[in-house]
Structures are given as structure tokens and as C-alpha cells.
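Assemble the whole structure, with the sequences as input and the hints as a guide.
Taken in order, these protein sequences are the chains called A and B.
Each residue of the first sequence is one higher than the last, beginning at 1 in our numbering.
Each residue of the second sequence is one higher than the last, beginning at 118 in our numbering.
Simulated from the structure, these hints should not be mistaken for laboratory data.
Think of the CB as a built atom: it goes at the ideal place given N, C-alpha and C, for glycine as much as any other residue.
It is possible that part of the hints are untrue.
Derived BS3-like pairs: lysine-lysine, alpha-carbon spacing no greater than 30 Å straight-line [what the hints assert, rightly or not]:
hint	chain 1	residue 1	chain 2	residue 2
1	B	Lys504	A	Lys93
2	A	Lys77	B	Lys489
3	B	Lys550	A	Lys77
4	B	Lys450	A	Lys93
5	A	Lys93	B	Lys489
6	A	Lys113	B	Lys550
7	B	Lys469	A	Lys93
8	B	Lys510	A	Lys77
9	B	Lys514	B	Lys469
10	B	Lys489	B	Lys452
11	A	Lys93	B	Lys514
12	B	Lys504	A	Lys113
13	B	Lys450	A	Lys49
14	B	Lys227	A	Lys113
15	B	Lys504	A	Lys49
16	B	Lys487	A	Lys49
Here are a few chain B residues that face chain A, going by a calculated C-beta distance under 10 Å [stated by the list, open to error]:
hint	residue
17	Lys489
18	Lys504
19	Leu581
20	Ala585
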Amino acid sequence: MKPTMAKVLPACLLLALLLLAPALLAQEERGLIMNLDTGELCLQSVQCKSGCCHHDHILGLTRCAPKAAEFQECSPKTVYGIYYKCPCESGLKCDADKSIVGAITNTNYGLCKDPRE
Amino acid sequence: MLGIWILGLFLLSAAEGKEVCYDRLGCFSDDAPWSGTVERPIYKLPWKPESIGTQFLLYTRQNENYAQEVSAVDKSTITASNFNTNRKTRFIVHGFIDHGEENWLSDMCKRMLSVEDVNCICVNWKKGSRCQYTQAANNIRVVGAEIAYFLNVLMDDYGYSPAHVHIIGHSLGAHVAGEAGRRRPGIGRITGLDPAQPYFQNTPTEVRLDKSDAEFVDVIHTDSAPTIPNLGFGIRTPVGHLDFYPNGGEEMPGCDKNAISQIVDLDGIWEGTRDFVACNHLRSYKYYSDSIMYPDGFLGYPCASYNLFQEGKCFPCPEEGCPNMGHYADRYKDKIKNNELTKFYLNTRETKNYPLWRYKVSVTLSGKSKVKGYVNVALYGTNGNTKQHQITKGTLKPDNTYIAYIDAEVNVGQVTKVKFLWNNNLPNPTLPKLGAATVTVEAGGNRAQYRFCGSEIVREDVLLTLNAC
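Okay, structure coming up:
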């Protein structure tokens with residue numbers, strides 16, 4: 001039930017973004033839908049330059065955020081495409097206690113670790 | 118016809134050379150340079166003090182969460198308040214449209230009170246700031262005179278020296294501080310947070326904030342593009358003993374977000390709307406506020422231009438050190454040499470917790486294959502580790518050395534090891550391997566140098582740890 005709520009809220013945002021897109025799509029480089037900077041509103045991680053669309057709680061707005069560095073909190077890649085804790089930077093592994101409940105509620109948190117250490 | 122000309126001349130002469138006089142504060146004229154110059158074409162006189170209603174809202178460690186209003190006219194309010202003559206006093210003055218009860222002023226007081234015991238006074242002149250810009254730009258003369266009057270009362274009745282006073286002014290408030298300093302010489306310090314540009318840039322020193330207004334004047338420039346056509350609100354020219362231009366002083370990172378993302382801000386719609394209107398301009402007080410908590414996080418590198426700074430031509434800090442932008446800039450006071458270059462450059466982060474620490478990183482590649490891709494390096498030290506920072510992108514050739522200047526979000530302290538990672542932009546079926554033979558790191562602040570070696574070569578997206586050698 002929780003994940004569906006999370007999708008309803010951004011849907012309104014997507015509509016708003018789409019309506020405003022023609023008016024605001026002035027520059028090529030930094031997009032309104034794709035290639036978003038840190039701090040910009042997003043719906044899916046693919047939209048972000050950083051590759052992480054993040055929110056603090058289920059009803060919180062989702063914004064692009066940097067990926068987690070080593071020893072920072074993280075969650076493994078999920079099917080939802082939005083995160084409470086961003087996935088790790090490349091080369092690192094999110095060392096999390098994976099559980100089914102955690103996978104459904106998107107709360108499989110862990111710490112980023114170097115698999116070679 | 119002649120009648121109209123005479124009438125016209127009469128009106129013109131009536132508009133020029135007018136003067137108003139107020140009790141306590143003295144007279145204000147609209148003669149040049151106050152009006153009728155190229156920079157200040159419209160004739161305006163400041164409003165009377167009662168219409169502006171300048172308020173002094175005092176915060177101390179005894180009352181961090183509520184303000185006590187003090188007034189120099191009714192001296193009993195000062196005696197009855199928590200004002201203490203054994204402490205320093207810092208005034209915070211807001212700018213155009215703003216008001217003294219706005220959160221950023223009291224938040225700044227709270228942060229100061231968490232690190233030092235001071236009298237923190239927010240100056241509220243909202244009635245005088247919420248009008249036409251040309252009027253507000255003249256009302257600052259009365260507000261400056263009110264502060265000078267307040268300081269005079271403190272000196273005469275309490276023997277409190279203006280040398281213990283620090284005035285922090287944002288935008289028009291910076292020129293309020295300048296006016297107060299001109300009227301009451303000997304003020305210890307004035308900080309100008311992006312002093313307003315229209316009606317002040319290129320004007321004589323008595324009109325605007327200038328280094329002659331206090332013993333030490335430091336300025337942060339965050340919106341110094343020309344008002345026409347770029348809508349920059351901040352003054353462009355250096356006006357203090359130390360002038361800081363974070364991120365080049367014109368465009369602040371985090372201020373070019375799309376409209377919705379900017380307005381629907383993490384700190385609420387009101388903060389977002391303020392940023393939507395004047396993001397660059399408002400960054401100046403946010404940096405200052407953060408600098409209170411991060412004494413070494415805003416080092417300003419002396420440099421001739423921002424481009425040279427970005428290219429690393431002004432790295433590292435000179436031997437006597439770099440000044441801190443913001444609250445601790447006065448620690449550099451004794452190192453200022455006369456008539457020397459006063460522009461300082463640095464970079465900041467794009468969101469809250471703005472400080473960054475600059476390092477120079479050189480990477481010498483090892484391996485056999487020449488590939489296209491990028492190289493990342495993360496620093497590990499006694500105080501923590503950074504995220505991965507890109508050192509180079511493009512053709513990666515073994516034995517070549519790539520140099521980059523990175524602004525780390527963490528002060529890692531003494532660097533103990535580094536990690537290297539490279540990535541091919543496209544899948545490569547030959548599965549090439551690359552490594553880093555040596556990585557050298559130089560910290561900008563204390564000029565410390567570190568050297569790390571590696572003998573391995575790795576496939577893409579594999580972290581390679583290099584230890585000291």
C-alpha cells in the first residue's frame with residue numbers, strides 16, 4: 001500500500017512538469033525532465049545526473065541527491081526507482097541485511113563498503 | 118509658453134538642493150552626490166525616523182529565543198535588558214523588502230551565541246525598506262544615523278567603545294553599516310553581505326560602504342553581475358579590506374534549478390520563493406551563517422581572477438595562510454598589507470552546509486591499454502573520507518599524469534590513503550585494465566603534501582586502494 005501512495009504524489013508533479021516543460025525548456029544541457037541536478041525534483045532515479053532520486057519519508061518530495069560514499073548509509077537498487085537512502089558510488093557495495101519486507105517497503109538499509117577490503 | 122518654462126525651471130530648482138532636518142539625527146540633503154548624479158538620477162529625501170521606525174532587537178545567551186527591544190531614546194530599556202558592556206556587540210541589518218524579524222537574522226544570532234558570548238542585535242527597519250527602491254536606498258541614511266546615535270549613547274552613558282562593535286549588513290543593510298561607520302568613526306568591523314549595486318556602485322565613498330567606514334571591512338560578493346541586463350543585485354567592485362568572491366561572485370551553485378524545484382524548497386515555500394527571486398543575492402548571508410560553524414571551511418585564495426583560481430594558478434594558500442570568508446575573516450586582520458590585491462576566491466557547495474576544502478590531486482596512470490573513459494579519486498584521512506571526485510575524462514593514456522583541483526565536502530585531515538577508480542564509457546570486449554602508479558595530494562589550507570603508490574592494475578569500476586609511500 002505504501003509504495004502506491006508514493007507513486008500517486010509524484011504523478012501530480014509529473015503532470016505539472018510536463019505542462020511547464022515547453023515554457024521552461026530553454027537550455028539544452030540541464031534538462032527539466034532528464035539530466036537533473038542535485039536538489040531538483042524528480043520521479044525516477046534515471047532522471048538524475050547522480051542516478052539517485054531521494055526522499056526522507058513516504059510523503060516527502062523526491063529530489064536528486066548524490067550517491068553514497070564509502071561508510072555512508074545506503075540501500076540496494078530497488079524496483080521503485082526512488083530511495084530513502086541513495087545507492088553507493090561505483091566500485092562500492094551496499095552491505096545490507098536484505099529481507100523481503102525490507103525489499104517491499106524499500107527499507108533494506110546498509111553501509112557502503114569496498115568489496116575488496 | 119514663457120510661463121511654462123518659468124514654471125518648469127521653478128519646479129526643477131525646487132527639486133534640487135532640498136534638505137530635511139530631524140531631531141537627534143541631523144540634516145539630510147538631496148544635493149550631489151546623494152541625488153542628481155548619473156548613478157542616482159532620481160531626487161529623493163529620506164523619510165522621517167518615525168516613519169521608518171528603526172527597532173533594535175537584542176538577543177543574548179540569556180534570551181536566545183525571544184528578543185528584547187532596546188532603544189537609545191528610552192535609555193531605561195538598555196539598562197533593563199540583558200545587554201552587557203563586557204561583551205562584544207554584533208548588529209545584523211537586513212536589506213530591501215526584508216524585515217528584522219525574518220528568520221535568517223535571529224538564526225544567525227543563535228549560531229553566534231552557540232560559539233561566543235555576544236550581544237546580538239537585529240536591526241529592523243521594515244517600514245523603510247518596503248517602498249520604492251530609490252526611496253529605500255535613501256532611507257538607509259536615517260537607519261545608519263540611528264545606529265550611530267545608538268553607539269553614541271552606548272559610548273557616553275556606558276563607556277562602551279565602538280571598537281567592540283561589529284555591524285553585519287546584507288544588501289542595502291551593508292550601506293546602512295557604511296553610513297553608521299561614517300558618522301561614528303572607530304567601529305571595529307563591518308561585514309558587507311553582497312552590498313546593493315544600484316544607486317551605490319561607482320558612487321563616492323561617503324554614499325556607499327567603503328573600507329574607510331570601519332577599522333576592518335570584509336565583503337562577500339555573491340551576485341555581482343551587472344544589474345542591467347543580468348539582474349545582479351550586488352556591488353561588483355571591491356570596497357573592503359578583504360573582498361571575497363565565492364564561486365566567482367556572479368552565479369552561485371544551486372541557484373540555477375528549474376522554477377518548481379527552486380520554489381518548492383527543502384526549507385519551505387517562503388524560503389523557496391525568496392530564492393526564486395534573489396537566490397544568488399541571498400546566498401551571501403547563508404555562507405556567512407555557515408562560516409560561524411565551520412571556521413576553516415571557507416578559505417579565500419588570493420587571486421587575480423576566478424578563471425585563474427579554477428585553473429589552479431592560485432593554489433595553495435600563501436605561506437601566511439588564507440583568510441576565512443565570513444565570521445572569522447578578522448583573524449586575518451593583521452596580515453593585510455596596504456594597497457595589495459584584495460580579491461579572494463573560493464568554491465562552495467550547492468546546498469546547506471556550504472563549506473568545501475580544496476585539494477590538488479595528481480594521478481599517474483599505469484597499465485598497457487589506452488582507453489577512453491574517466492578517472493575518479495576518493496580521499497581517506499584521519500577525519501573521514503570524501504566521495505569520489507572526477508580527475509579527468511577523455512583519453513586515458515598509461516604513464517600520463519592528470520592533475521585536478523577538487524573541492525571536497527569533507528576536511529579529511531591528514532590524508533592516509535586514496536582510492537582510485539576508472540570507467541570505460543562504452544563496454545569494451547577486450548576487457549582493458551588500468552591502474553594508478555602514484556597519486557599525490559596537496560591540501561590547499563596547510564600546504565601539506567602526501568604521496569601514494571600502487572602496483573596493481575584493475576578492470577573498470579573496481580576500487581584500487583593506494584597507500585602512502
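Need the list of violated hint numbers for this structure, in ascending order.
As far as the earlier hints go, 4, 9, 10, 13, 14, 17 and 20 are violated by this structure, in ascending order.
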